[in-house]
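A.B. asks: Chain by chain, the residues:
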Amino acid sequence: MNLTHILKAAAVASALMCTTALTANAAMVPEGTKLADDQTFNYRVLDTINSLDPDIVEDVDTSYVVLNLFEGLYNEDAKGNPVPGAAESYDVNADNTVYTFHLRDAQWSNGDPVKASDFVFSWQRAVDPKTASNYSYFPGLVGVKNADDIVAGKMAPTELGVKAIDDKTLEVTLNASVPYFVRTLAHATLFPVPQAVVEKFGLDWTKPENIVGNGAYVLAENKAGERVTLKRNPKYWDNEHTVLETVNFLTINDENAGVTRYQAGEVDQTDVPAGQFPALQKQMPDETFSVPQLCTYYFDINSTPNAPEALKDVRVRQALSYAIDRDVIVKNVLQGGQTPAYYFTPTATAGFQPPELPYAAMTQADRDAKAVELLTAAGYGKDNPLTIDYIYNTSEAHKKVATVVSQMWKEKLGVVMNLQDMEFASLLDKRHQRDYQMARDAWCGDYNEASTFEGLMDSTSSQNNAGYSNPDVDKLLLAAKTSKDPNVEYKQIEEQVAKDVPVIPIYFYAKVFLQKTSIKGWPYDNVEQTWYAKDLYKVAE
Amino acid sequence: MLKFILRRIAIAVPTLLLLIVMSFFLMKLAPGNPFQGEKNLPKQVMDNIYARYGLDKPEWQQLLEYVWNVVVHFDFGPSFKYKDRTVNEIIAQGFPVTLTYGFWAFLVASTVGISLGTLAAIRQNSWIDYLSVGVTIGAQVLPNFVLAPILVLVFTLGLHWLPGGGWYNGQWQYVVLPVIALSATYMANIARIMRSSMLEVLGSNYIRTARAKGLPGWQVILKHALKPSLLPVVSYLGPVFVGMITGSVVVDLYFSTGGIGQAFVNSALNRDYSTILGITILLGALTIAANLVCDVLYAVLDPKIRY
Amino acid sequence: MALADSRTAGLNEAVKQSNAKGRSLWQDAGRRFVRNRAAVVSVFMLAAIVLFTFIGPIFSKWSIETVDWNILGMIAEKGYPSIETGHYFGTDESARDLYSRVIQGTQISLIVGILAAAIAVAVGTFYGAVAGYFGGRIDSAMMRFVDIIYSIPYMFIIILLLVIFGRSFVMLFCGIGLISWLGMARIVRGQTLALKNREFVEAAVASGVRPLTIVWRHIMPNLLGIVAVYATLLIPEMILLESFISFLGLGIQEPYTSLGALISDGAATMSHGEIWILAFPLAFFVVMLFSFFFVGDGLRDALDPKDR
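Residue numbers (our numbering), protein chains in the order written: chain A, 1 to 541; chain B, 1 to 307; chain C, 1 to 308.
Bound conformation, chain A alone (with noise of 0.2 Å):
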């Protein structure tokens, strides 16, 4: 099996060989620093945090707060390479189905060994039909052998590929082999949870009272809408190295009150709404940040038999995505960063090489002569206008780009698009059920490595909005899985999906933030944006 070039950074080795090369991370204070004396980080979070079950979480900001509460087998370093959290080590078999992973002595916060039966305990109650988790297909999706068959309820959860040989050593079978398993084990449904505590209090065992966790912090407060307040877990096994004594996540709905109580000192980084990161950078240099994101925004084109006879004409389909400048919505929309694109994965994706399309390369001027041409071959133009109804979900920024995108339409192809802006449950039932003509769609990977999008082109993809189904993108996928080198396919997927343009992609995302200064040891680098408090340290000003 293949794509192993992805794994490089990983330091897997090849079969039998133990791996215990990589350190664990920690927050690497310079010698000298003068460490602040409150040692306090408050980070701002959109919505209220959900569900503190590690089986259960599903929304990125609740993650970020259980990466600190519970620790999987492995972590990400700064870069989003795995690094040893409760694992100290694996072996991996000849085909690479069947890892044995070497727990390192740890305890639970309330004084607990954390055993390998955690891990057992958690995994099966993962993909057990009466969690009922929304990530129970997780373990599928990463090849834990039988996991879909007991999300379907063909076997017991007992049944599922992972056992504990000993308290320390745990054996995970996987169906296929799976290049990048391991990257997969800093995801928090494949984090432990403390079996004795989780059958003690059943649903009731993630009040603060109760909870009990295996990361570098302990909860103290969850106050729904207001905040959730972490503090240092002294049993962790490297608490010596954890710097930060407290981490509030606030919630703030609105981002401009965000920026406002960042000013004021209350929250120590926010994101910045959409078009003000110039401003802001002008004003705080140092405390602006935009660093990629492994995140495309697009536009799902109805490709299945329902769409209007109008999209259903390619011309059409490609003279509206030739006619979005893109430089436009990124430098004078967006302002924060984003970059253009013109094909579907983001070029910022790990070993991704990004394919020379031709309408990519050329002016926009010319882009657009050549819009009005496909377009006034299909029959259409500003005496006889094409009308597209287009859906997003209310935002701010998802209503300047539409405003823009509809004003280069019917400035350059008198196309009259309608905007319905929806609010983001019905957005996505709407997409769900394919009715509509034109969505706005945004996809960011679940780990890093082109499949994770290319996989959305497949015609049966549950992800695939758009609808589309072409025989030889399926081909081409199935052919990657197993290529020597799959940039070869991508390459082909990617061009031939600029032709179809079942999606119009738009721009791939970029993370802007503020952050204080005193703020050190954050993952710039890490295009998943996954961070541990324990790596974060605050500088005296």
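Bear in mind the hints are in silico, worked out from the structure with no lab data behind them.
Worth double-checking, as some hints may not be accurate.
As the list claims (entries may be wrong) - Coverage of chain A stretches by chain C, computed from C-beta distances (three or more under 8 Å per stretch; other residues unrestricted): (1) 250-261; (2) 339-353; (3) 402-411.
Stated by the list, open to error - Simulated crosslink set (DSS-like; lysine-lysine; CA at most 27 Å straight-line): (4) A:Lys79 to B:Lys213; (5) A:Lys382 to A:Lys412; (6) A:Lys235 to A:Lys207; (7) B:Lys213 to A:Lys475.
Even for Gly, the Cβ is constructed at its ideal location relative to N, Cα and C.
Go by the hints and put chains B and C onto chain A.
C.D. replies: Coordinates of chains B and C only, in the frame set by chain A:
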């Protein structure tokens, strides 16, 4: 009086049932479901979740079970969105917050409003009258989602006196701005109502008589004028109370106080059926209670009304 | 509703008394209204605003949706109000002309306010008049129903309705209007109870006129005064409510806008140094609401024979 109260309570029961049924079906009509995320879930996973929350049963059965649990056990069920919380817990946590700043806002709005209105009426056409009319007019037309950011700009970023959000178990400095933002409009309305009703009472014959008898001015006002002129204010207090809870949507969203308003809006947007129903029922019951208290108070103050 | 209710409290009594005086009521009221300077000025202000929304677009160089590409991305530096660029009120965050958008937003807010108030007044008047006229069981059943609806937290029901039916403009004011008629119904019922024992109604009954015709021909016209006051005060309240709905992001669809939506955008960007985005719509909003309040108060005072 007792009969009147009992009758009102008797009406409350069908009202609440109607409210439950109506909200239940309204929610089911909404597109989307509480478990749909940005990433589509495999059907099998979705089925498991539906089974876990009993959503695979026929709707009439879901409704009956729900009503049964609410009425008999006072249990609103688990939240569909916040999976390690029950609706009872969400309410238990958010409602005291809303109640705290709502109570202070209510107190500020009524005391400041009544005093301002009375002063303005007594000193009609003086500077204090003009000032109070000016303040009340301004507060009346400024939506509180404009007032809130202005307050933060002035008191947080400008003067550094008060924090721009958060709750921290209701320490006073976190309560001040939400209370101002919430009470301003109602304070203005109460002041205006009070002013005009006081003016009317002061112009009436029996006050003139009292004055003619040589009673001192403040005594006339406190003993004779205040009670009758409070009547229109009292009839307005019910709506004020309801407004405090409605207004908490803005306060919660802007100041991140973690009150019930935010929980409601979020659960409506997330289709968290059980939480919406729970909060709607709670607020419905409160509205009924507030109107009832208001009517009783009115009856106590107004000698003309006999139930 | 709460607002309009609070402002019309006490009017019931007043109108009951004044009805006895017959025709001269309206002349008297007219005279009293004209003497109220604030109310008269407000009528002119409202007229001016309405006129402006019709004439204003003639001078506009930009449509409500056109993006000024020269300004996009540099709103704080170039988007300020200027005669030169043709953006008399500046531009919004997406470089669209605020002058045109304020005019259009004012129109929508006025239409929402007036239509919602009209629906509330129509339903409320008819409902209250029927309940009051027929009395007895019908009356108490109908008024119990009003009590029931009154107990529903209406803001939340509006949010639910908007979520369910999407963002249709029609739904917006229907939803608002349909929940706002309760206060009207209560007042009208009280009035009707007083009116139905008067001679002209008895005469109509004696000559065999059908009950609904009596309600329509004889009761309704006599309710005009109170309805006018209530309606005038309901309009600003509906406009305020619409602005709140816009704040929640559930308002009218782009590219159309309302004053509430514009203010909500402006309030969010207040600290970016683009104060005009808030100032212009807010000014229109405030002036309009004031005017309605003053006109409503003026009408009420004019109809109230007790001299204040």
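A.B. asks: Are there three or more residues in the stretch 339-353 of chain A whose C-beta lies closer than 8 Å to some C-beta of chain C?
C.D. replies: Check failed, 0 qualifying residues.
A.B. asks: Residue count check for the stretch 402-411 of chain A against chain C: does it reach three with CB-CB under 8 Å?
C.D. replies: holds (count 6)
A.B. asks: Between the alpha carbons of Lys79 (chain A) and Lys213 (chain B), is the straight-line distance 27 Å or under?
C.D. replies: violated, 89 Å
A.B. asks: Against chain C, does the stretch 250-261 of chain A show at least 3 residues with beta-carbon separation below 8 Å?
C.D. replies: holds (count 4)
A.B. asks: Taking only the CA atoms, is the gap from Lys213 (chain B) to Lys475 (chain A) under or equal to 27 Å?
C.D. replies: violated, 103 Å
A.B. asks: Holds or violated: Lys382 (chain A) and Lys412 (chain A), Cα atoms, limit 27 Å.
C.D. replies: Between Lys382 (chain A) and Lys412 (chain A) the Cα gap is close to 9 Å, so the pair holds against 27 Å.
A.B. asks: Take a quick look at whether Lys235 (chain A) and Lys207 (chain A) sit within 27 Å of each other, Cα to Cα.
C.D. replies: OK: Lys235 (chain A) and Lys207 (chain A) at ~19 Å, within 27 Å.
This entry does not satisfy hints 2, 4, 7, going by the numbered hints stated previously.
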